[in-house]
Amino acid sequence: MTYSYFPGCTLRTKGKELDQWGRAAAEVLGFALEEPENWQCCGAVYPMAKDEIATRLSSVRVLADAKAQGRELVTLCSACHHVIKRVNGDMQRDADICDKVNRYLKLDTPYAGETNVLHYLEVLRDRIGFDALKEKVVHPLTGVKIGAYYGCLLLRPGKEMGFDNPENPRILEDFIRAIGAEPVIYARRNECCGGYCTLENKSYATKQVDKIMDNAKAQGAQMLITACPLCMYNLKENATNGLDVKYFTELLAQALGVKEEAK
Amino acid sequence: MMETIRRISGVNPRKCMKCGKCTASCPAYDEMEFHPHQFVDMVETGRIEELMQSKGIYTCLSCFACVERCPRSVEPAKLIEAVRLAVLRQQNENHLTANDIAEKLDPELPQQAITSAFRKYRK
Ligand code: SF4
Ligand code: SF4
Numbered sequence: 001m002t003y004s005y006f007p008g009c010t011l012r013t014k015g016k017e018l019d020q021w022g023r024a025a026a027e028v029l030g031f032a033l034e035e036p037e038n039w040q041c042c043g044a045v046y047p048m049a050k051d052e053i054a055t056r057l058s059s060v061r062v063l064a065d066a067k068a069q070g071r072e073l074v075t076l077c078s079a080c081h082h083v084i085k086r087v088n089g090d091m092q093r094d095a096d097i098c099d100k101v102n103r104y105l106k107l108d109t110p111y112a113g114e115t116n117v118l119h120y121l122e123v124l125r126d127r128i129g130f131d132a133l134k135e136k137v138v139h140p141l142t143g144v145k146i147g148a149y150y151g152c153l154l155l156r157p158g159k160e161m162g163f164d165n166p167e168n169p170r171i172l173e174d175f176i177r178a179i180g181a182e183p184v185i186y187a188r189r190n191e192c193c194g195g196y197c198t199l200e201n202k203s204y205a206t207k208q209v210d211k212i213m214d215n216a217k218a219q220g221a222q223m224l225i226t227a228c229p230l231c232m233y234n235l236k237e238n239a240t241n242g243l244d245v246k247y248f249t250e251l252l253a254q255a256l257g258v259k260e261e262a263k
Numbered sequence: 264m265m266e267t268i269r270r271i272s273g274v275n276p277r278k279c280m281k282c283g284k285c286t287a288s289c290p291a292y293d294e295m296e297f298h299p300h301q302f303v304d305m306v307e308t309g310r311i312e313e314l315m316q317s318k319g320i321y322t323c324l325s326c327f328a329c330v331e332r333c334p335r336s337v338e339p340a341k342l343i344e345a346v347r348l349a350v351l352r353q354q355n356e357n358h359l360t361a362n363d364i365a366e367k368l369d370p371e372l373p374q375q376a377i378t379s380a381f382r383k384y385r386k
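Chains A and B supply the protein sequences, listed in that same order. 1 is the number of the first residue of the first sequence in the numbering used here; add one for each residue after it. 264 is the number of the first residue of the second sequence in the numbering used here; add one for each residue after it.
Mixed in with the good hints there might be a few duds.
Stated by the list, open to error - Rough simulated footprint, nothing fancy, chain A against chain B, three-plus residues with beta-carbon under 8 Å: (1) 265 to 279; (2) 324 to 333; (3) 364 to 370.
Unchecked claim - On the chain B side, residues computed to face chain A include the following (Cβ under 10 Å): (4) S336; (5) H358; (6) A376; (7) Y384.
To be clear, the hints were calculated from the coordinates, so they are not data collected in a lab. Every value quoted in this text rests on a predicted model; they were computed, and no experiment measured them. Built from N, CA and C at the ideal position, the CB exists for glycine as well.
Start from the sequences and build out the full structure, keeping to the hints where you can.
Listed below in structure tokens is the structure:
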């Protein structure tokens, strides 16, 4: 199976590991990720204002490209996923936005949200299946207690993201089980890490991540996993006495036995 | 001004039933002088100027907890975004300039954070 794949800017730079191990694991799992030519930054935050068209264009370009290829679009960074998925929803449901975007882009065929957007984790759950993944694991992470850190962007708003139950998600826990480790459930796994506010005020982010870390530690987690480079930064750089944090793709590549070869 | 906020956000603050669930969910509670339920109420009653002067429009994390939990689908985060934009769209009202950002750069900071801050804090 071949998917269109939108890596986004951060996966080219600070978030390289998220991308690198995701690609290596995809090969073992038998799906191909093809980048469209000349993609542009998604903008990192969803434009909530109804009258903003320019900030929606880069998402629509990549969505329309996937449609032209006849493929589903896969994302890996939580923020890119959030932005592209919601803009796609606008193209399906908001006639005014859809009309203005199409007039601006002048595509050969108008785009109205036809492309299906999948996060990499959804490919694992809904296309590969966690049971099939489990069978491909050669180095299970037996005995490791891992806390899934969801954050905000993958889950909310639940109606638009349609990713998992936004209040009691399980996709990352099922992933953790599939790679042979033990999931640790803690209440703050879907609370905000402080996001971009760290830029102005690091102590604000510290306050948020310390609560998350304390909660995960109290429940017995030895490490956390995430799919978001900004969560990664806040959890790693702004926690007072935090646990180790890894991208979920790194553990996936490790479990599949491709982590060394891929380097 | 009230009309502008309603138009940008697409939100009807009159749907709010003042239950306070948004505020109870808000992780930015201590950093926002007007909490989400008050914010909605102040838009409804036309106290937009005060909201435009408040620092909470920059400390809302856009975490969407208020949007998720509101039983009336009011979407408070969209009102906060609209008020912030009403400020930023005025001339010379950027909250952060490129120079401010350069000063705050930490070598580990992901691009995503810088792009987000640019999108949220300047026009
Ligand atoms: S989006 Fe903003 S106002 Fe709403 S809960 Fe999050 S931080 Fe609070
Ligand atoms: S949760 Fe919704 S209905 Fe309740 S106070 Fe907040 S905005 Fe109003």
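Hint check:
With 4 residues having a Cβ less than 8 Å from any Cβ of chain A, the segment 265 to 279 of chain B passes the three-residue criterion, so the hint holds. Note: the segment 324 to 333 of chain B has 7 residues with beta-carbon separation from chain A under 8 Å; the three-residue rule is met and the coverage holds. For the segment 364 to 370 of chain B, the stated coverage by chain A is satisfied: 3 residues place a CB nearer than 8 Å to a CB of that chain, which reaches the threshold of 3. Satisfaction of the interface hint for S336/B is found here, the shortest Cβ-Cβ separation to chain A being roughly 9 Å, below the 10 Å cut-off.
Hint status for H358/B: holds, given a least beta-carbon distance of 9 Å to chain A, under 10 Å. Checking A376/B against chain A: minimum C-beta separation of about 5 Å stays under 10 Å; hint holds. At a threshold of 10 Å, the smallest CB-CB gap from Y384/B to chain A is about 8 Å, leaving the interface hint in force.
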